[in-house]
Amino acid sequence: MAYSRIVAAGLAAATLFATTAPTFAEDITIKLWSRADRSGPLRAGNVVEAAKTVNNMLAAADSDKQVVVELIETNARGFDADALDVLKAHSVGDTPDIIVAAHEWIGAFAEAGLAANLEDHISGNSDLYGDVIPQLWNSVKYKGDRYGIPQDSEVRMFFINNDMLRKAGKSEEFISGLSDAVNAGEFTMDDMCDLAAEVVASGAAELGLLHRPNVGPDFQMAMAAFGIDLYNDKEAKLQITKSGLLDYYTWLKSCVDKGAIPADMTTYSWDTVHAAFRGDKAFSKFHGIWNLGAQLEAFGIDPLDKDAYFRKITWINAPAGEKGGEPKNLSHPIVYVVGDTPNKDMAALLVALASQPVPNTKHAVGTNHTPINYGQAAMPDFIERGWGLVAGVPLLEYAEFMPNHPKIGQYNAITFQGVAAVETGEMSPAEAVDFVIEELETELGDDIIITD
Amino acid sequence: MRSSSTSRQISNAIFFLGPASLFLLALLVVPIIVDLVVSFTDMSQTLRVESFGTEQYRKIIRPDPDALLGFELRGSFYRALSLTGVYVFFTLLIFNLSFALVLALTTTAIPDRLGAFFRAVWLLPRMSPSVVYALLWLWVVDPTERGLLNQIVVNVFGEDPINMKLDHPMVLIVLANGFIGASIGMLILTSAIRSIPKHLFYAAGVDGAGPLSIVRHIVLPALRWPLSYITVFQSLALLVSFEYIFLIMGASRSTMTMAMLAYTKTLAPDIGSGQYAYGAALTLILIVIGVIAALLLWRLTNMKALLSHPKIEVH
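For the protein sequence lines, the chains are D and U, in the order given. Mind the numbering: the first sequence is residues 0 to 451 in numbering that gives the first Met the number 0, read in order. Mind the numbering: the second sequence is residues 0 to 314 in numbering that gives the first Met the number 0, read in order.
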């Protein structure tokens with residue numbers, strides 16, 4: 000009798016416990032698509048950290064939900080290749096929730112239905128986004144709405160080796176006044192090539208001016224210096240002027256003829272380009288601020304010794320094409336895009352947390368990218384280790400962005416063909432202009448406005 | 000009621016030909032059909048098909064009432080065609096046929112062991128991983144004095160260093176592909192030479208024929224079919240090959256053959272721009288050219304006679 004009572008009590012207890020046992024916790028899985036990039040590992044890392052913050056909040060609210068970030072790390076060699084891959088994934092329904100992308104692809108992403116419209120999210124979370132540098136929002140706008148959050152930015156410049164200038168007989172006055180001369184419009188693109196040719200001829204350098212050997216954003220800076228405005232805001236179309244293009248290609252040809260730019264520049268590998276400048280063989284390199292870390296290491300300069308670095312290297316904007324013109328600069332922000340998926344609200348919040356000053360500074364200072372919030376410039380870590388970025392801020396004054404048009408990739412690829420043809424001597428500048436204009440007309444059709 | 004031998008023949012046919020036919024269908028016929036369909040769409044980076052039409056072909060051909068056939072080819076396409084023609088013709092003629100023949104003749108004329116050694120050496124380019132092979136070529140043609148070629152040019156001939164990639168890119172890719180192409184021809188021709196009955200050589204020797212006469216009258220006639228086969232097979236293979244061109248020259252304009260153009264416009268890592276429909280149109284034209292070339296060469300080399308039933312065999 001006692002047994003049956005004990006058993007009955009036991010059964011009752013068991014059912015009681017069963018009904019109060021914890022229910023199965025629902026995990027929110029956020030898929031994060033990010034290229035494995037040595038120049039920005041924290042782009043993905045900051046989102047993962049943001050998930051931890053959200054999980055702390057959820058735990059404090061006694062919720063059983065957890066946010067899990069699933070990292071899809073691709074090994075595409077560039078942002079363009081990666082963007083094409085994510086478009087392929089989207090076309091079969093595998094849309095990621097967060098994508099780390101180069102900003103100019105926002106147009107293509109929005110057209111494909113991949114990117115979610117973040118206008119409401121941003122305006123509804125002003126406490127999280129209030130300190131973002133306003134010009135950066137221009138880089139994520141497509142047809143007036145914002146489709147991404149800037150993750151970082153950078154500034155591009157011509158790096159000039161001052162030691163070579165000294166060896167070529169230039170005075171300290173000339174060297175220290177160079178940057179101002181460029182900004183005042185007195186030192187032009189032609190002067191730049193003359194200077195490079197002079198330095199090479201004097202024997203102080205083996206190579207003159209090096210630019211990127213493949214398609215990329217940098218060329219827009221040079222084209223802008225010759226008066227080419229790539230984007231027509233009113234009509235939301237790409238544009239090009241034949242005369243500007245001719246001036247640009249003529250300048251390239253004259254640089255090759257003077258010996259300033261090597262004729263086979265477009266067949267170099269990236270390693271050769273970096274090694275040439277960092278190995279004190281090339282006089283000048285047209286690239287971006289993130290090279291700073293590698294240069295400090297290559298030249299054996301202490302990372303905290305700002306003066307030693309600027310004694311050796313000068314940074315200048317892309318000089319104006321003609322005297323009295325304006326120098327030009329290009330900033331190429333990388334952005335977080337939120338996919339148009341059921342998880343987009345949570346994904347957007349993770350992005351908001353990853354864009355706060357502390358995580359963003361960790362990324363910016365470690366990888367030499369400029370910050371997205373004003374307040375970051377006052378952080379101690381920034382002031383101590385980020386002197387390069389502070390030095391880059393004046394250059395940002397002349398910065399433009401690439402247009403967020405879906406066909407900007409094709410536009411750049413075609414104008415680069417002209418660069419390759421002119422430099423290798425395959426075509427004359429006029430022939431190259433005809434060829435490039437024809438290709439642009441054929442491939443871009445209505446999406447481009449071609450003027451004289 | 001089929002006899003058991005007929006049904007066995009049928010089942011044998013299915014059993015032995017089945018996998019190959021499936022393979023051919025899935026990996027050859029289906030992609031060609033997909034290519035055909037995609038080339039008439041407007042598919043680009045976003046992989047969405049929004050319209051059907053001939054707009055991709057209008058990027059290649061421009062209707063012009065004054066031109067010869069009512070249309071003219073656009074600049075970059077015309078250039079790609081001519082580069083392809085130059086590349087295929089010279090690689091085939093100089094290396095895949097002529098040099099393979101030279102190699103086969105010389106390696107069979109010397110003692111067997113030595114011949115086998117040289118054939119093995121000539122097979123190395125084909126057996127090396129393509130990236131390694133391309134890298135070695137890049138080191139050979141390095142434009143500074145360190146490149147192997149320039150070491151010879153500067154130190155032996157006393158000339159200035161030459162920059163093959165810049166000044167002679169087509170020569171470079173013909174050489175690079177030719178070294179690989181020669182090996183297959185060499186193997187086929189060697190085995191053909193070996194299968195010539197020995198008594199013919201003895202008879203020729205008795206009649207006082209010198210080595211060149213032997214080559215001309217005995218060896219070459221026996222190589223007629225292998226040479227025809229190599230011509231047809233290798234010219235098609237060269238028409239669509241782009242691997243070594245891409246690895247050595249990248250997306251350089253000076254070596255942009257048809258296959259390279261299609262690859263560059265679509266899938267090439269780093270520079271492909273996702274113009275899938277445009278690439279499909281280019282590829283379709285390449286397929287058509289390939290089919291025409293194959294049929295023409297088939298007719299010209301009279302391959303039909305090789306594959307017909309022997310006239311003296313009786314079943």
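Mixed in with the good hints, there may be bad ones.
[Stated by the list, open to error] To give a feel for the contact side, a few chain D residues facing chain U, derived at Cβ under 8 Å:
1. Lys-51
2. Val-53
3. Asn-54
4. Glu-72
5. Arg-76
6. Ala-80
7. Gly-258
8. Gly-299
9. Ala-420
10. Thr-423
11. Asp-445
For the record, the hints were derived by calculation from the structure and aren't laboratory data. Even for Gly, the Cβ is constructed at its ideal location relative to N, Cα and C.
Hints and how they fare:
Because the closest C-beta pair between D/Lys-51 and chain U is about 34 Å apart, greater than 8 Å, the hint is violated. For the restraint placing D/Val-53 at the interface with chain U, the shortest Cβ-Cβ distance is roughly 32 Å, beyond the 8 Å limit, so the hint is violated. Violation of the interface hint for D/Asn-54 is found here, the shortest Cβ-Cβ separation to chain U being roughly 35 Å, above the 8 Å cut-off. Annotation: interface hint on D/Glu-72 violated; nearest CB of chain U at approximately 17 Å, more than 8 Å.
A least Cβ separation of about 5 Å between D/Arg-76 and chain U falls short of the 8 Å threshold, and the interface hint therefore holds. The restraint placing D/Ala-80 at the interface with chain U holds, with a minimum CB-CB distance near 6 Å, inside the 8 Å limit. Of the supplied interface hints, the one on D/Gly-258 is violated, with its beta-carbon coming no nearer than about 14 Å to a beta-carbon of chain U, more than 8 Å. Among the interface hints, the one on D/Gly-299 is violated; its C-beta lies about 25 Å from the nearest C-beta in chain U, farther than the 8 Å criterion.
With its C-beta approaching chain U no nearer than about 6 Å, D/Ala-420 sits inside the 8 Å limit, and its interface hint holds. A hinted interface residue such as D/Thr-423 counts as satisfied when its beta carbon comes closer than 8 Å to some beta carbon of chain U; here the least separation is about 6 Å, so the hint holds. Because the beta carbon of D/Asp-445 sits about 11 Å from the nearest beta carbon in chain U, more than 8 Å, this interface hint is broken.
Consistency with the previously given hints fails for numbers 1, 2, 3, 4, 7, 8, 11, ordered from lowest to highest.
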